[in-house]
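A.B. asks: What follows is each chain in one-letter form.
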Amino acid sequence: MTQSYRIETGGLINRNKKISFKFNGTSYFGYEGDTLASALLANGVHLVGRSFKYHRPRGFFGAGVDEPYAVVQLYRNGETEPNIKATEQELFEGLEANSVNCWPSVNFDIGAINNFLKIFLPAGFYYKTFMWPKSFWYKIYEPFIRKAAGLGVASTKHDKERYEHKYEYCDLLIAGSGPSGLASAYSAAKNGAKVILAEDKPRYGGSLLTSDVNIGNQSGKDWADGIISELKEMPNVIVKNRSQVFGYYDHNMLVMSEKVSDHLPKTKKYHPNKRLWYIRAKEVLISSGSIERPIVFGNNDTPGVMLSSAAKEYLKVYGVLVGKKPLVFTNNDSGYETAIEFKKHGVEPIVLDSRSNPQSEIIDEAKNLGINIKDSYVVVAAQGYKKVKSADVATISEDKKTLGKIENIVCDCICVSGFWTPTIHLASQSGNKTKFNEEIDAFVPGVSKQNETTLGAANGVFTLEETLKTSFEKGKELSKKITDKDNEISIPNVVEKKYSKHDKFWCVPLPKGKSYKRFLDFQNDVAVSDVEIALREGYRSIEHVKRYTTLGMATDQGKTSNLNGLQLVSEIENKVVPSVGHTTFRPPYTPISIGAIVGREVGKHSKPTRKSPIHNWHEEHNAVFVDAGVWLRPRYYKRGNETLFEASKREAKNVRTNVGVCDVTTLGKIDVKGPDAAEFLNRVYTNAWLKLPVGKARYGVMLREDGIVMDDGTTTRISENHYHMTTTTAQAANVLSHLEYYLQLVWPELNVNVVSTTEQWAGAAIAGPKSRDLLQKLFPKTDVSNEGLPFMGYVEGDLFGVKARIFRISFSGELAYEVNVESDNGRFMWDKIIEIGEEFQIQPYGTEALSTLRIEMGHVAGSELDGRTIPYDNALEGLLSKKKDFIGKRSLQRAAFIAEDRQRIVGVVPLDKKTSIPEGSHLVKDANAPLPNKKLGHISASCWSVEHDNPFSLAILKDGKNMIGEKLYVMSPLKNKVIPVEIVSSHYVDPKGERVRS
Amino acid sequence: MLHIKCPHCGMRSQNEFSYGGDATVKRPELNKEVTDQEWDNFVYNRVSPRGKHLELWQHLSGCRQWIKVERDTATHEIFRTYKANEEIA
Chain A
1 MTQSYRIETG
11 GLINRNKKIS
21 FKFNGTSYFG
31 YEGDTLASAL
41 LANGVHLVGR
51 SFKYHRPRGF
61 FGAGVDEPYA
71 VVQLYRNGET
81 EPNIKATEQE
91 LFEGLEANSV
101 NCWPSVNFDI
111 GAINNFLKIF
121 LPAGFYYKTF
131 MWPKSFWYKI
141 YEPFIRKAAG
151 LGVASTKHDK
161 ERYEHKYEYC
171 DLLIAGSGPS
181 GLASAYSAAK
191 NGAKVILAED
201 KPRYGGSLLT
211 SDVNIGNQSG
221 KDWADGIISE
231 LKEMPNVIVK
241 NRSQVFGYYD
251 HNMLVMSEKV
261 SDHLPKTKKY
271 HPNKRLWYIR
281 AKEVLISSGS
291 IERPIVFGNN
301 DTPGVMLSSA
311 AKEYLKVYGV
321 LVGKKPLVFT
331 NNDSGYETAI
341 EFKKHGVEPI
351 VLDSRSNPQS
361 EIIDEAKNLG
371 INIKDSYVVV
381 AAQGYKKVKS
391 ADVATISEDK
401 KTLGKIENIV
411 CDCICVSGFW
421 TPTIHLASQS
431 GNKTKFNEEI
441 DAFVPGVSKQ
451 NETTLGAANG
461 VFTLEETLKT
471 SFEKGKELSK
481 KITDKDNEIS
491 IPNVVEKKYS
501 KHDKFWCVPL
511 PKGKSYKRFL
521 DFQNDVAVSD
531 VEIALREGYR
541 SIEHVKRYTT
551 LGMATDQGKT
561 SNLNGLQLVS
571 EIENKVVPSV
581 GHTTFRPPYT
591 PISIGAIVGR
601 EVGKHSKPTR
611 KSPIHNWHEE
621 HNAVFVDAGV
631 WLRPRYYKRG
641 NETLFEASKR
651 EAKNVRTNVG
661 VCDVTTLGKI
671 DVKGPDAAEF
681 LNRVYTNAWL
691 KLPVGKARYG
701 VMLREDGIVM
711 DDGTTTRISE
721 NHYHMTTTTA
731 QAANVLSHLE
741 YYLQLVWPEL
751 NVNVVSTTEQ
761 WAGAAIAGPK
771 SRDLLQKLFP
781 KTDVSNEGLP
791 FMGYVEGDLF
801 GVKARIFRIS
811 FSGELAYEVN
821 VESDNGRFMW
831 DKIIEIGEEF
841 QIQPYGTEAL
851 STLRIEMGHV
861 AGSELDGRTI
871 PYDNALEGLL
881 SKKKDFIGKR
891 SLQRAAFIAE
901 DRQRIVGVVP
911 LDKKTSIPEG
921 SHLVKDANAP
931 LPNKKLGHIS
941 ASCWSVEHDN
951 PFSLAILKDG
961 KNMIGEKLYV
971 MSPLKNKVIP
981 VEIVSSHYVD
991 PKGERVRS
Chain B
1001 MLHIKCPHCG
1011 MRSQNEFSYG
1021 GDATVKRPEL
1031 NKEVTDQEWD
1041 NFVYNRVSPR
1051 GKHLELWQHL
1061 SGCRQWIKVE
1071 RDTATHEIFR
1081 TYKANEEIA
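Protein sequence lines correspond, in order, to chains A and B. Its first residue numbered 1, the first sequence is counted upward by one per residue in the numbering used here. Its first residue numbered 1001, the second sequence is counted upward by one per residue in the numbering used here.
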């Protein structure tokens, strides 16, 4: 295919490098430096998609971030990405893209029938139609809407690309590299300030790339190139292109998305696809420029209708003619610039100006070039379906209400200019109170909330001379405050054309008897008539009109539609625009890849993984792991074809009959040290701690101030002023913060220090009737007899040359010990235990067997201490000291907590002694009672009792104390189970606790 | 993301801190008789002011100190930060 719309020379593209690409399956050529949009236009392709609601043919409207329609699905290196603007996507070799919103193809789209049904699809159509019958929503309406709508499809594959996050601090962040951005960056950098200059496009310079101006005796572009190369040499400046500052957050934090690899066929090795910058700036200069505003007329969405600035950009930057018979429709002088560019390249434009007899330098230039100019003329409607073929035009009266006789002009594109709208998104996001500027009919930044200044066109200043002057000065002034340097900068002289006043005219009236769709919001298919309906139906607040009609929503965020929408509402409501106000601008300014937001926190990096020093042994011995907080713990050790159920039963049984060993390294450990440590523990725990002797451990329960159990664990007095506290794996971090809170804020007079030692110690629990025999062999020099090391005793021992702490504590109800060594010796300890334990038939056991053992014994754990239970509920009221005060004690007097029929832990056994009880099931009195069946309690934990060889569960049951022996039902609608059960004591094994003391 | 000046470490990003609620609440002394109302006020009842608010934050991923932050809940402006034991001006 030939690029029949590419001019012979000119533009900033590299004509020496041809690039091939595919669009909707057809191959084309473009040049290096093209965007997908410019390359398609060079090939005469205007039809890129179908509109959101009516499936009308759509082309290109802008040339950059302002593009509302040309959204495509991109394919790159085996990946696909939706919601890509063709005007922003740079061309690379092998690029493939498809249209969205059309089926089966963009040329023949079945959904286009919506266009003929449009009378049935007015504003609020979805709200009105898809409401009833309710049952239709999931089955019919939603799938239909999902299929019909959307801006492409997300990939269902794992994203192979890599994304990075970067944190940066700077003195000045400058968003936009147009004249104001360059000037302010330059003077700030000269003063030694740390500057970040961000440009969303690949090329620096903003409007200087397309405007016909002269700065310091150079063209605008050459001046921009000079400044950029000077800035790039400075060590205190970061200059970034393809980088969009899209969000302005609290305390001057801005987020910028840098496209690192999007313009390449394939991401370079070790490079990210995108990089998200979190930038904390002392000062922010917003030089985001302005976006041309459309004028609303009939069928103004036809492919070939586009912003006049876009047509100029395609010509000057890419060397592409958007048409060969252009019609320029303008209400200000900007349209003439575009017309002059066309004329310079041998194309004859016709200019329609809504003003009567406008006078200015640039109009004179156009006239001198012999351009056909029609004053007081407007485009009434574009004609043509998939491409503009002609335009119905007419004269318009001075009051803009009456049209003259309709004439038809043959043309192949309509370049429209309705003056300029400052891009105030970032300023508004920062909390700036924007104000309406009557001069330019648009909102501009007003009073700043944060350290932010808006410069140039974004601030409503459209002359280059003033922009450069204020920007140089502002950059100098702000940097001087920070660096205390004040370098003189000479402001270059500027040659530019003077503009005349624009016409406050934005919408062409409908001619009598015609019902053309006149679109305000192109992306969301919102027409003038839709807003009229919304107002007729009583919507008044602009925020409500926005949501009802979808005006200014979605990825476009009203870049081209906002002001015309406001004009319409104010006109109908007979108000002025400032009193209508504008809707809230929200970040992101432009769509950002989810991948960029997620960054590196994917897959195994989504959260840290902690492994015990014994982890490798577990792996070598077929451990199946389970997540326990951030830790990986062995759930069971698989032998042959064993299931989880079989393995955990074997492991638990072996603890009850021989001896087992479990890696308990993950338990939270906190060192509590200081002369007041005992007093502190006495306040933190519910039981008494002042008299605990050195070398003894004690089980303790700590509450929150509201009386709910926070955590439990054993704490051992290692020496006079040194305690070793253990917490549950899950609560370790919270408990440490809790202790710090009381020490730092509530009782600062206590001389105590706390520090986490979780990772300093590796721990092994050795449990079972043969555990003492094993321990004696591990520590031959230590007296581990029942007298030498009684239950809840503590000694230090020597494990073949390694210092060890030995605690006689039990979580399984068996005779048991816990041995701790420094983490680095963890594997050594474990190997020794396994090696010497062989003669006692030792087996490692995982968390599943650990649970079985504790459930049988009625020991509470996380599933009972669930943030809703008090000590009584867990049968822990024996640990509540009556003599002293402690955290949360006063709350235990609350009426609900002392109620006679308060919930309490019980054991649950199925009557058939066979059926396993699902955790989370409800306990009810009558299985056949009408719904909702009153719940008496819930199953907190279930196991297969290895002692009794039948299922056993723990439950928190209302009036549990008096329910022992009752017959109830367990109901699990989720598993469709109803199980008759008997309530028994929660201590199902060794209720007197003889084994642990044996 | 807020930028909070830890009185011990200097300016740090919000993601190093965790929020700890109203800093003006005072725990009743230990072993002291308190009415239900007094206790409820301590445990549950909080005002949620729009505007200046003295709150607790812990510099969790830093020095682990609990600090007091005077912040405007509507604008997020931070007026001052205090050490745990510092007199509030």
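FYI, nobody ran anything at the bench for these hints, they're computed from the structure. Given the structure is predicted, the values throughout are model-derived calculations rather than measurements. Treat the hints loosely; a few may be bogus.
[What the hints assert, rightly or not] Simulated DEER-style distance windows between Cβ atoms: (1) A:His722 to B:Glu1038: 33 to 39 Å; (2) B:Val1034 to A:Asn928: 47 to 53 Å; (3) B:Val1034 to A:Lys777: 52 to 58 Å.
For each residue, glycine too, the CB sits at the ideal point set by N, CA and C.
A.B. asks: Determine for every hint whether it applies to the structure shown.
C.D. replies: Going through the hints against the structure:
1. A:His722 to B:Glu1038: 33 to 39 Å: 37 Å, holds
2. B:Val1034 to A:Asn928: 47 to 53 Å: 49 Å Cβ-Cβ, so the 47 to 53 Å window holds.
3. B:Val1034 to A:Lys777: 52 to 58 Å: 56 Å, holds
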